[in-house]
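Asker: With the hints as constraints, model all of the structure from the sequences given.
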Amino acid sequence: MEYPEKHRQIVEELMNGRFILSRENHFDELKQHEQDFYVPFFQNSFGHKLIITQEYAYLVSEETDENISRDISIFFAIFCYEMDKQGKNFLDGLQYSEHSFEEVNLLFETSSFIDLIQTNKQIKDADARRKLLFNTMNKKNIIDKINEDKFTFTPAYKVFIDFAEELGKTRTTGNNIVTTEE
Amino acid sequence: MIKAEPKAILYFIWNYFDVVRDLFDTQANEGIIRKETLAVILDKHRKDIKSQLIEYKIIRPVNDDFELRDVYHKLIEFVLFEFRPMLPEEIEKFGNSISELFRKIQEGIAGDKNILIERLIAISGQIKEFSDSVEKNSIRLLSETRDLKANVNRIDYKEKIVKASFWIQYYISPLNKILDVNHSESISNKLLDISEYANQRQLNFDDEAIRKSFQKLYYLLRQTNDDLLRQSNILTNELRPLIERIRTENLILTGWIEFLKNPYKVVPTKLLKTDTDKPFSTKIYLNTKEYFEQFTHAEEAIIEEEPPKVERWIFKKGHYKKKLVEKLPLENFFDWCNEELKDETNEITNEKVFALTGLLFEEDLVVSFSDKNETTKIKTATSNLNVPKLIVKRNGVS
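Chains as they are written, first to last, in the numbering used here: chain A, 18 to 199; chain B, 12 to 409.
What the hints contain is simulated information worked out from the structure, not anything from laboratory work. The structure displayed is predicted, hence computed values, not measured ones. Even glycine gets a Cβ: it sits at the ideal position worked out from N, Cα and C. Heads up, a few of these hints could be off.
Covered stretches of chain A (chain B as the covering partner; in silico rule of three or more C-beta atoms under 8 Å from a C-beta of chain B) [said to hold, decoys possible]:
| # | segment |
| --- | --- |
| 1 | 20 to 26 |
| 2 | 31 to 41 |
| 3 | 64 to 77 |
| 4 | 169 to 179 |
Listed below are the simulated BS3-like cross-link pairs for lysine-lysine, each with C-alpha atoms no more than 30 Å apart in a straight line [said to hold, decoys possible]:
| # | chain 1 | residue 1 | chain 2 | residue 2 |
| --- | --- | --- | --- | --- |
| 5 | A | K148 | B | K300 |
| 6 | B | K294 | A | K66 |
| 7 | A | K156 | B | K383 |
| 8 | B | K294 | A | K186 |
| 9 | B | K284 | A | K66 |
Answerer: Below, the structure is given as C-alpha cells:
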C-alpha cells in the first residue's frame, strides 16, 4: 500500500495535537486525501475525528483535553475583552497584528478578571503566561513565535473564536449553555 | 434684501469663520442657537458681530433664539464635510419628484417645447440633489460606523450593537434599497430608465435645443449612475461588512463574557487528548523551578555565641560520706561543707550545699544543735546562706 507523501509528518503532528495550517506544504497533501484516506484513517485507527477547514486542520478525540482547551480559551477571552475595553479592534488584532508579549502581559496585569487569572496556574503570572503562549500554544501552532517577545496568531485562533461566537448565540437566543456536571 | 456687497459677506465669513463654525456645531448638537449661547460664543471669540450676522442673513431669529440660515448651514456643512445623516425618507422624496417629472416629460414630449425644456432642467436639478444627498449620507454613515468600530466614544459593547443595529435598520438597509439597481422600485433603476430614454431622445428629436437638453440630461445621468454605483459599492463592500463585523465582534464578546463568568462549568471547545509517554513528569518544569528556587535566596546566617561552660557537678555521696566519717566527730557541719566544696570544686552553689546537707539524714550519724544556737555563714555563687551550727557524731559508738 502506498501512503500519501509526508504521511508520517501529517500523522505525527496531528497526533501531537498540532494544527496544520493551509500555508504549510503538507496541508495540501492532507486536503487532497481528506475523504479517501485521512478521515477514515484517523477514525478507524484511533477513533479521532479529523476537522479540516480552508485554513487549518486538527484532530479531536472523544476523550478531549479540556484543561488545555479551557486555559487557552480563558487566554483568548481575556485578550479579546481587554482589547475591546481599550477601544481596539480585537478581531483585526488576532488576524493581522504582531503582538508583543509585554503588551499582552500588561492586558492581563490590568484586567478586571484578576481573580480568575490568579487562580489559574497557566495564566497566573508573567512566567506562566509566557509558557502558555510560547510553549503550549506555539507547539500547537496557534501562534507564530517571531522572537522572545514578538508573536502573531495563526488562523487556528478561529477555533476558539468560533466557540465564543456559538456561546454568544446561545446566550442571545436564551438557550441554556452546555455545562459540565457538578 | 441684503445691502452688503457679496464679497463683503464672503469676507465676513472668512474673517469670522471660527465664530460661524461654533454656531454651526451648536446648531448641529442642540438644533438651535440659544441667545445665551450666542452671547457666550461671541464673548469667547471677543467679537461683537451679532448685528452683522443678522444683517448678512447668516442667522435668523427664532423667537428669542437663532438659527443658521439653511444656505449657510449647507455651505458650512459642505466645507467641513460634516453632514447630518439624512433619513432615507428624505432622500426618497427626490425619487418621487424625479418620477413625476419623468412621467410629465414623457407625456408632454410632443407638447409645448418651453415647458419641456423647463422640466428637463428641473429633473436635472432633482437628480443632482439626489446624488449629492446619497453621497453626503454615505460619507456620514461611513464616518459614524468607523467611529463605532473603533469605539471612539468607549461605549459599552451592548450599546455598540444597539447602535450598529440602529444604523443598519434605519439608514443603511433602506439606502441600499434605494441604490439597488436590481430592485425594480429603486431610484437607481428609475434613473437607468430615464438615462435610456434621454439617450434615445438626444439622437432623434427635431428641435435642436431640446435635443441638447436631452443630451445634457443623458451625460448627467451617466455621471450620476457612476457616482451611485460607487456609493452602492461603499455600502455593499464597506459599510455593511463593517456593521456586520461589529455585530460579530459583539457576539464573540458576549460569548467570552458568558464563558468568563464561570469557565470551569462550560465545556470548552474539543481538542485532541494526546497520549504522549514522556520519561519525565509533566510537572518537571515547575518541580525543577521550585527546586532551584529554594537555593536562590540564601537564608540569613545567625551566629550565636556559645553559652559559658557550666561546670557539671555530680554529687558523689559515697565519696563525701567517707570523708565526713573520717572527720567525725564534727563540731560544725556546714564549715566542713564549705571547706570541702572549696577544695574540690570551682564554685560553691546552693545546689552543692544542699546536696551535702543530705548526708545528715544518714542513719549511722547523729546530728545535734550547738547549745549556744550559733550560726554559720556560707557564701554561694548566688546567695549568702545563714545556717545553724550542727554537731555530727557517729551513731552510738562515738
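Asker: Honestly, which of those hints from before does the structure not fit?
Answerer: Hints 1, 7 and 8 are the ones this structure does not satisfy, whereas the remaining hints hold.
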